[in-house]
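Peer 1: Sequence:
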Amino acid sequence: MINRSNVAAAPHELPISTPEGQFIARYSKLGLCSLAFPSRTKRRPSDAISARPPAQIRRWHATASKALRLALAGRPPKALPPLDLSAGTDFQQRVWRALRRIAWGRTWSYGEVAQAIGNPRAVRAVGGACGANPIPVFVPCHRVLAAGNTLGGYSGGLNWKRALLQREGIRYAA
DNA sequence: TAAGTGCGTCGTT
DNA sequence: AACGACGCACTTA
Numbered sequence: 255m256i257n258r259s260n261v262a263a264a265p266h267e268l269p270i271s272t273p274e275g276q277f278i279a280r281y282s283k284l285g286l287c288s289l290a291f292p293s294r295t296k297r298r299p300s301d302a303i304s305a306r307p308p309a310q311i312r313r314w315h316a317t318a319s320k321a322l323r324l325a326l327a328g329r330p331p332k333a334l335p336p337l338d339l340s341a342g343t344d345f346q347q348r349v350w351r352a353l354r355r356i357a358w359g360r361t362w363s364y365g366e367v368a369q370a371i372g373n374p375r376a377v378r379a380v381g382g383a384c385g386a387n388p389i390p391v392f393v394p395c396h397r398v399l400a401a402g403n404t405l406g407g408y409s410g411g412l413n414w415k416r417a418l419l420q421r422e423g424i425r426y427a428a
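Following our numbering, the numbering of the first sequence begins with 255 at its first residue and continues without gaps.
Worth flagging that the hints you see were computed from the coordinates, not collected in a lab.
Glycine is no exception: its CB is placed at the ideal position from the N, C-alpha and C atoms.
Mixed in with the good hints there might be a few duds.
To be verified - Calculated pairs, DSS-like style, for lysine-lysine (alpha carbon to alpha carbon, straight line, at most 25 Å):
1. 283 / 332
2. 320 / 332
3. 320 / 283
Stated by the list, open to error - So the derived label-pair ranges between C-beta atoms look like this:
4. 312 / 405: 21 to 31 Å
5. 375 / 312: 37 to 47 Å
6. 427 / 306: 16 to 26 Å
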């Protein structure tokens, strides 16, 4: 079941410049609702960034920008903006909430995530929900490894997963 | 050991 | 009805 009632039709879209490239953050009235990895493709003019976001969104964006730059530098962020995960199905939201309990520098397996949400056999479905995570890095789906500490997949590309794990000092099976 | 196959399982499209 | 960011058993090389 999808709940779009809290998702603004046209969320504010703001860039975050990092040494790794320009991420795009999107904000609803509830908080950060999406974070996109740097894209090689040029943004179209129709995707223009809104001129002057409200003060609250500017504060959220400042927090998010700082947090992202810390994370990419290998330091755990001290504060995050509110995360708006309301666009997901009930199942996805349960998975995403569970992912937020994985500590910096630690990993869970897909099976452990499935257990954490009380649905121990929905292992494969958990993988699907991880792939649908709209806020990578802050909702740390990169900390979910396959059984035997193998890498598993990553919708943002395995290079990003490897990079994020490395910044947290996480080791996994070759 | 490493790589490949088959199947259970379940949320999403 | 088909498809996965899975996991496990089992077979082959």
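Peer 1: Next, verify each hint and record whether it holds.
Peer 2: Structure-based check of all given hints:
| no. | hint | verdict |
| --- | --- | --- |
| 1 | 283 / 332 | 22 Å, holds |
| 2 | 320 / 332 | 9 Å, holds |
| 3 | 320 / 283 | 20 Å, holds |
| 4 | 312 / 405: 21 to 31 Å | 37 Å, violated |
| 5 | 375 / 312: 37 to 47 Å | 44 Å, holds |
| 6 | 427 / 306: 16 to 26 Å | 49 Å, violated |
Comparing the model with each earlier hint shows violations of hints 4 and 6; every other hint is respected.
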